[in-house]
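S.K.: If you want the building blocks of each chain, they are given just below.
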Amino acid sequence: MTRTERKELRKGLGFTGLWIIGLAAFTAYPVVASLYYSFCDYSILKSPVWCGIENYQQLVQDGLFWKSLRNTLFYAGLSVPLGTVVALGLAVLLNCDVRGKSAFRLLFFMPSIVPVVASAMLWLWIFNGEYGLMNGVLNPILAPFGLHGPAWLADPTWSKPALVIMSLWGTGNAMVIYLAGLQNVPAELYEAAEIDGANAWQRFVHVTLPAIAPVVAFNAIMALIGAMQLFAQAYIMSEGANGNGNASDGNPARSTLFYTIYLFSTAFQDLRMGYASAMAYILFIITAGLTWLAARFARGRYEDAL
Amino acid sequence: MIPKSPTFLLLLLAALPAAAEPVHVTYWEKWNGFEQKAMQAVIDRFNASQDRIVIDYYDQTGQIDRKTLVVTAGGDPPDIAGLHEQNIATFADAEALEPLDGFIHDEGMTNEQWLDRYYPIYARICTHGGHVYAGISTPVVETLYWNRTLFREAGLDPDRPPATLAEFNDYATRLTKHDPKTGRLTQVGFLPQDPGWWPWIFCEWFGGRLDDGHKVTFATDPRNVAAYQWIQHFTKEYGLDNVKLFSSEFGPWASPSAPFFTGKIAMTFQGIFYDNYISQYKPGLDYGVGPWPEAVPGVKDFAMAEADVLTIPRGAKHPREAWEFIKYVNSTNTHAETRDELQGAELLDYLQVKLSPLKVWSPYFTNHNSHPHIAMFRRLASSPDAVCVPQLGIWQEYHREIISSFDRVRLLDATPEEAMGYSQDRLDASWTRYRRSLERHGQWAALGEAPR
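Respectively, the protein sequence lines represent chains B and U. Using my numbering, you'd call the opening residue of the first sequence number 949 and step up by one each time. Using my numbering, you'd call the opening residue of the second sequence number 3 and step up by one each time.
Please keep in mind that the hints were generated in silico from the structure rather than gathered at the bench. Do not take every clue at face value.
[Claimed, not checked] Subject to a maximum C-alpha distance of 25 Å in a straight line, what follows is the list of computed BS3-like cross-link-like pairs (lysine-lysine): (1) U:Lys319 with B:Lys994; (2) B:Lys994 with U:Lys69; (3) U:Lys69 with U:Lys319.
Could you build the full structure based on these sequences and the hints that come with them?
M.R.: What follows is the structure, given as structure tokens:
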């Protein structure tokens, strides 16, 4: 290394040093330390005691671990495809050349910047079984059949679907990204398709979708990662709807006990940091695996389309 | 003649011993309403009573237990943490709390002498594993509240609450109304999930025990199972869909739309603090307060006690000064004849409109407590049949399991035997694992076989 290069290196380290220290202290160290703790009996207040793979063995036998995983996969399995369809559909509509286009875009994007707690309180009212807006709309439709809208968040059967519906409220971010993708599709492709006699649906399936496939893949993967880490909405709404001070157990009847909620209660209520660390690593592996699968699937579809 | 030159005066000042700065004690508490104001008045009285210690109150509303845990682990805890009584065993086993035994002995008292000043149920709340870990800040007793207007409408004597479980069930049926057209509930006598904070209490009320000192007995004690069968019978009687829709109408418990305030529920079990909320959200409500109906023959003054507690986290910088304040809040002037003479516990509980956790009450506190039912709560607090949360290190898990079983049972998702059996299996495993963890950290021998 020449003298000039060494000088440049020092300058570079000078500029990035603080960031490197921050990364090492606040990200890298906790990541490595939690891996170590996942093999320990550790309560945060006492010294960790090595216990080998005991935490991982207990996880396999823990019924709530599997239940929380099932709840999370159920939520992700519904919310990710549904959110993708809704966000893409809205983006396509908002890409049309209509009067007041900007206002509509603003209107559909705004919910995604509403703080989670505020929107959760709003949805608590919407899902109120007796006075809520949702049943206010559903009941007149169901009444002729002698039916009544469900109690949503107070009903174990409907609490997860309610959270899926609520998740659609926040599709504004994805919608904006789709909109940017749609605007980058070359107009001549549509013209060529039209000349070939393709109708609107065929143009969407054979031109639009392949052209924005990478954007769809990106959004879907980000949504999947977000869904696997669902916490705040479920935590707030579980307590708000059932109100027995036990939001950390996914009320009612653990129907909204998602993975991160179980991890949280294990760590901060039961003081089982070692076990919670093991759960965090399992979640990391599952999310990474699903992301890899999604990316691989998307790449295959994208290449097929081209 | 005394010289008056500036130099001499400066030398004189320098020669004087420097006045000791008072020690500032940090106190974290979960209150931010009228309870905080009451505690601040007590703090002001304490601060004014001496010049060595100043208590600085910090409002930590929301999850004070987790905040305390994290700062204790980080080595920078407050000097005093106002926790809930169910935190004591878990925090103590995690070595997050300083035992108060040494401070008590320095006062020339044994633990037994110190605890003997409290009603027995509050003495039990302060201890775990043979050590005293807490002082009481606010004592609570839960009991039966009923709506006298609804009693009259149902043809019941509003001055006579149900005396036995059979009567309670009968009253609950008579106080329940349906819409004649739709069949939907418009009013219920009682619903176990209101407020739903203490689903374990029904087991104790039925004479059951949640542990026997060596193991968890949630599903193995038949009286607990009987309690959950009783809980389930309400849903069966009212109809599951009916209950779900009816309970959707309930507003938050501390709001004008709370079901007891709106007349949707005629009888509920609530704490001594409930009167404060009734005056705030439903002034003029005609209600009564009485003991729990007799569920076990011979147990006439069953009661549930709770408390907010004052603790010293491990690593606190001023434990001795923190103890001075805890001692003050857990003492009284038993001769107080005027409000100005009230001290410590009585001043706090007088201002919070609650009872004192200490057995001996001053004349002023006895005669001027503004709680309309204070005599009833005093009677229940002193009852030998008063119960509190078991002091178990796994209580957080235990409580979640109880709530899960409670939900499954009341939602007819499982029979009581199935739901409680599932929870029992999980709790057995938790207890085994917890014991192994204590053994690993060399604590089991000190705690002994008795987890309480």
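S.K.: None of the hints should be skipped; say for each whether it holds.
M.R.: Results of checking the hints against the structure:
1. For a cut-off of 25 Å, the pair hint linking Lys319 of chain U to Lys994 of chain B stands: about 19 Å separates their Cα positions.
2. Between the alpha carbons of Lys994 of chain B and Lys69 of chain U the distance comes to roughly 17 Å, so the proposed pair stays at or under 25 Å and holds.
3. Only pairs whose Cα atoms come within 25 Å are accepted, and Lys69 of chain U paired with Lys319 of chain U is accepted, the gap being roughly 17 Å.
Comparing the model with each numbered hint stated earlier shows that all of them hold.
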